[in-house]
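For this one, chain A is given, so just place chain B on it according to the hints.
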Amino acid sequence: MKRRHLFAGVAGLAASTLLLAACGTGPTPAAAPTPTEDPSGSITFWSSLAGMDKVAEAFNASQDKIKVSFETIPNGANGGYAKLSTAITAGNGPDVATIEYPQLPQFVSNSQVVPLDGLINKAETVDKLTDETKALVQFGEKTYALPYDAAPMLMWYRQDMLAKAGVEIPKTWDEFEQAGKKLKAVAPDSYLASFNPNEVAASAGLAWQAGAKWFGTEGDSWKVGVNDEATQKVASYWQKLIDQKIVKVSQAYSDEWSLDLANSNVVGVLGANWSATGIQKRTEASGQKGQWIAAELPTWGNESGAFYGGSSFNVTKSSKNPAAAAKFVEFLTTSQEAIKARGNTGSAFLAFPGLTPVAQKAYDASYFGNDIYEVFNQAYGTITPGWQWGPNWDITNTALKDAYGKLTTGGTIHDAVDTAQDATVASLKQAGLSVKE
Amino acid sequence: MATQALTTTVRRQGRALAGTGGRTAALFLVPFFAVFAIAMIAPVIYSLVLSFHSQQKSGLGFGEAKTVFVGLENYVQVFQSETFVEGIARLGLYCLIYIPCMVGGAVVFALLLDATVAKARKLFQLLVFLPHAVPGVIAALIWAYLYTPGISPLVQALQGGGIQINFLDAHMVLPSIVNIGVWEWTGYNVIILFTALQAVPREILEAARVDGAGEIRAAISIKFPLILPALSVIMLFTIIGTLQLFTEPSIISKATASVTSTWVPNLWAYDAAFIRHNLNQAAAASIIIAGLAAVLSLAVTRLSSRMNKS
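If you're matching them up, the sequences are chains A and B in order. Anchor point for the first sequence: position 323 equals 323 in our numbering, and the numbering is continuous, going up by one each time. Anchor point for the second sequence: position 282 equals 282 in our numbering, and the numbering is continuous, going up by one each time.
Okay, chain A solo, but in the shape it has when bound (with noise of 0.2 Å):
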């Protein structure tokens, strides 16, 4: 009897630890970026984003002295961001990675990302960029990563709907939530958008284009304000727009999410340029042609926005041919050949000037019922300046995400960020980071 339990014992404890094993091995220190005038070699290419494997296609026909092998890798949302790190500690991660924005700077913090300084041609490529997207990819003076996408976020709306309710496009916060008052007057079922507890990154960008500022430095210290003043304006205001049923709170990319858009339950979508596809996919069905269009995000008043995911390039520590990898990167994010290769996938925006008109080509944006690209450029030129993501960006999303857990059990969006700020500075500090609130 003794023996067994004790074998029961060691049982559940192997069990619940072997999740661990696996993140074992310790760093192993890469090779100190040499610049090479002209980098050769074999490099492997890890992305999550559609028509990759064909970019990488066409990089490998275009030149003969780097060969890239690409691998599609499960989303952030699915575990990829799981997977790339624990493969980048380990030592076998790829040589050019795929990051979003907001988890960027984690990877700068844990040294997993090496500074591309020294390795591109600044000048065709760093230089030419606008001011907010690189703030998006530079950190300490050094550059870390070079974007791909810059998505303004945008709303989504069926105009079919907004005739019916008898309204405009809002272009006030004001104005949309009379729309929602309209709608529900004429379909009392229906919603305008949906809130969605799991894409905190939205939640994030409305506070951004109110002006908030989630992370910011002072001196040697971090600056958290996740419940900041104008945090707490936007979180007043959906919480009222969910108390009067305006916005219906759901999962995104739930099933639940999808039907509710096929039957026309909820008729808006916050989202940003990437959101077309994802649109068409789920009420082409429904007979929907022609009537979604894309709209700059209401505003507070004064013209503002933000941006709302995109992800950017970037040579990992584990890379033994970062001079390649780097090269690599210069193509992804600055060549017309990479738009070309990806072919009809998405509604691209990218960050690099001249790229977007390829990507529009490229697109075929006939479901839609205005042009798209118009509104994307537009929203684009109205970021508001000065947003910065944290060191670890995924405290604060689980946590928030968390606490948007209990919404249906009468908590508040209010609550929800005091909650994600409280535990955000709390993390950080256990992590030694200096924090002020």
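Keep in mind that a hint or two might mislead.
[Claimed, not checked] Partial selection, computed: residues in chain B whose CB lies under 10 Å from chain A:
hint	residue
1	Phe62
2	Glu64
3	Val68
4	Gly71
5	Ala144
6	Lys254
For the record, the hints were derived by calculation from the structure and aren't laboratory data. Glycine included, each C-beta is placed from N, C-alpha and C at the ideal position.
Same frame as chain A, but now just chain B:
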């Protein structure tokens, strides 16, 4: 005298067997212990070491992290985490609903199965076991579909009958997940209990019948006490399994915000390790879960050995 001589020779033979068998047994056990050491013991020790250290940075955190010995600080932080403690409480509640439902169900099914005629027995055995043949992830995905309002034929049918129910709202989601577990595991445990029932000596049952016991009386007073050892094994596995609850909530969390990413302790540990990138806290949380499993299995084995004695 004769019996005494017999026992001594048996004893002697036994000792001789043990002498040569020891080496052979060791030879056979080496592969097991080698794998056990690499795949079980080593990770446990590594996790223990991790759990007493912490990656510390300074200032803005850009730069190499230092590994520092922090003693029990990670454990303190885990217990201070509101979400972790909530997860433990939730798991307790889950056990309170799940274990009686599943084990009770398994006992009833096994006894019924034992009482049916031979032909139907095979068929029912298969039917009861069938859900367990569906892999856990797939089962969770299918149940998530069955629970989602608007798509689920189940919800629709209930609505047709005038019952408005949202299986995924914050109050219902726990019972909904219990239901997945019960559906998945009852059949498996029925088979274990049924096998134990097959081993019940028929003469005891016949004696009971002669004494006038009906099927129900025989089931309660004869069969049930005789399968108690099997039942305690089931309890042990169920408790360990329940503490590791992970798959179902992690799948359901994609469908509803009511299941958070730190909903149960194992999810908390996963999130700490792979999302928040704090391996040390994750290790501490895992050790806590494992410790809990060890304590609970100890309690169950103690309890059942006491019950077996009395």
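Hint check:
1. Phe62: Status holds, d = 5 Å.
2. Glu64: holds, 6 Å
3. Val68: Val68(B) check passes; min Cβ-Cβ to chain A is 8 Å, inside 10 Å.
4. Gly71: For Gly71(B), the interface hint is violated, since the closest Cβ of chain A sits about 14 Å away, which is over 10 Å.
5. Ala144: holds, 8 Å
6. Lys254: holds, 6 Å
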